[in-house]
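Make a model of the complete structure from these sequences and hints.
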Amino acid sequence: MALKIDDLSSAIRQAKKELRAALPNYREVFAEVEASIGEEAKRIAAQRGRGENVIPEIQFSDIAGQRVSADEIALVKSRGACVIRNVFPREQVQSWDDDIAQYVELNHLDKRLENRAEDKYFGQLASSKPQIYGVYWSKPQVLARQSASLTAARVFLNKLWRNESDGRVHFDPERVPVYADRLRRRPPGSASLGLSAHCDGGSVERWIEGNFRKVYRHVFAGDWRDYDPFDAAFRPDVEEIASPAVCSMFRTFQGWTALTPQGPGDGTLQLVPIANAMVYILLRALQDDVADDDLCGAMPGRALSIKPEFHAPLFEALSSIPKMEAGDTVFWHSDVIHAVEDEHKGAGYSNVMYIASAPACAKNDAYLKRQSPSFLKGESPPDFPADHFETDFTGRATVDDLSPLGRAQLGLDL
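So for the sequence shown, the numbering used here puts the first residue at 1; every next one is plus one.
Any given hint could be a false lead.
Using C-beta positions, here's what the derived DEER-type ranges look like [claimed, not checked]:
hint, residue 1, residue 2, range
1, E91, G49, 32 to 38 Å
2, P188, R168, 45 to 51 Å
3, D294, R370, 31 to 37 Å
4, N53, S95, 39 to 45 Å
5, G348, G297, 20 to 26 Å
6, R43, A64, 47 to 53 Å
7, A152, R90, 14 to 20 Å
8, V155, G348, 30 to 36 Å
9, Q59, K111, 48 to 54 Å
10, E105, D166, 40 to 46 Å
11, A101, P264, 21 to 27 Å
12, N53, K345, 19 to 25 Å
13, R50, Q92, 34 to 40 Å
Listed below are the simulated DMTMM-like cross-link pairs for lysine to aspartate or glutamate, each with C-alpha atoms no more than 20 Å apart in a straight line [said to hold, decoys possible]:
hint, residue 1, residue 2
14, K17, D237
15, K323, E164
16, K307, D288
17, K77, E174
Don't read these hints as lab results, they were simulated from the structure. None of the values given here were measured: they were computed from a predicted structure. All C-beta atoms, glycine included, are put in the ideal place defined by N, C-alpha and C.
See the structure below:
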């Protein structure tokens with residue numbers, strides 16, 4: 001179901017009135033949050049300044065061998081992100097990257113991009129969008145999504161969440177449905193094509209929609225230290241405002257797989273690795289210096305923009321991810337603030353496949369039923385601009401390329 005709001009200004013005023021009434025000491029609570037999360041941001045900045053990793057790193061072989069320690073898991077849950085190394089052999093991924101280059105060149109994608117549908121999702125961010133290709137069904141993308149290794153990595157990530165509470169099972173972590181997403185192919189020397197800091201998975205809805213409020217029930221009650229970013233209660237029940245590029249699946253982690261080596265300075269991903277930073281964002285919008293009809297600039301149907309004028313302490317922790325090799329993956333919690341470096345100063349292409357981690361639940365099964373015809377026809381998936389570039393592409397993946405696992409993950413057996 002999609003959330004519909006006819007008068008947004010009135011809805012924001014009403015929401016803020018209700019939330020402030022329920023938390024009359026919202027100023028004092030936010031002061032605590034600002035001090036605590038501000039200190040965490042400073043610790044991360046100091047660690048980064050010493051040349052230490054601030055994004056946890058895990059070897060895929062340790063996931064496969066069930067050797068990831070409790071301390072490593074605790075750090076991933078605290079930082080809300082991790083790099084998983086060597087999910088795929090480098091030779092295989094380099095071959096995939098070559099195949100994708102041939103796929104887009106053979107089918108003259110560059111010509112078609114001139115007529116692409118306008119994607120307004122990133123429209124309010126300070127930077128424009130990077131070179132993201134509206135390609136979803138190349139064979140490498142389909143093969144990577146259905147691979148046993150990436151599936152095992154995503155099951156591991158799903159299991160970091162608490163998926164059952166109060167006698168209710170919120171999702172099945174063992175089943176990993178496909179959320180078909182795009183490609184990034186970023187040439188060296190590209191500048192001013194990054195993304196400024198933002199969160200996905202809901203903007204104004206986080207304050208307005210009933211189930212979003214239940215997700216953040218501890219925060220809005222002032223018990224922010226009891227808030228668990230990895231508690232799945234109510235998350236599969238939230239309703240987003242419909243938009244051509246807003247994710248309508250529940251993702252435990254957003255993520256991408258590196259197709260080429262890339263690192264800091266190569267126009268790569270940046271994260272604020274604080275899993276509960278959403279507490280700051282939510283309570284910041286209730287403060288008296290924010291207009292009654294404003295949520296720190298949040299706009300419906302857009303990414304939730306994180307702005308220096310409202311969220312300055314969080315920017316201290318904004319950190320580029322470490323050097324990635326082809327076949328490595330990076331994942332970040334669906335509420336984690338992220339950005340993309342404006343300038344690619346490196347020597348080679350910075351290419352990735354966006355592949356998230358999502359669990360099976362009613363919300364996601366419903367999306368699969370809408371998405372599966374897109375695969376069969378080669379159309380853009382329902383959550384994305386309706387470019388439909390691939391309908392007549394030579395070399396597009398078909399059902400013949402699917403394994404039994406791939407069929408199940410695409411919902412073709414539902």
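Status of each hint after checking the structure:
no., hint, in the structure
1, E91 / G49: 32 to 38 Å, "holds, 36 Å"
2, P188 / R168: 45 to 51 Å, "holds, 50 Å"
3, D294 / R370: 31 to 37 Å, "holds, 33 Å"
4, N53 / S95: 39 to 45 Å, "violated, 29 Å"
5, G348 / G297: 20 to 26 Å, "violated, 36 Å"
6, R43 / A64: 47 to 53 Å, "violated, 32 Å"
7, A152 / R90: 14 to 20 Å, "holds, 18 Å"
8, V155 / G348: 30 to 36 Å, "holds, 32 Å"
9, Q59 / K111: 48 to 54 Å, "violated, 42 Å"
10, E105 / D166: 40 to 46 Å, "violated, 53 Å"
11, A101 / P264: 21 to 27 Å, "holds, 24 Å"
12, N53 / K345: 19 to 25 Å, "holds, 21 Å"
13, R50 / Q92: 34 to 40 Å, "holds, 35 Å"
14, K17 / D237, "violated, 24 Å"
15, K323 / E164, "violated, 36 Å"
16, K307 / D288, "holds, 17 Å"
17, K77 / E174, "holds, 19 Å"
When the structure is compared with the earlier hints, violations turn up for hints 4, 5, 6, 9, 10, 14, 15 and for no others.
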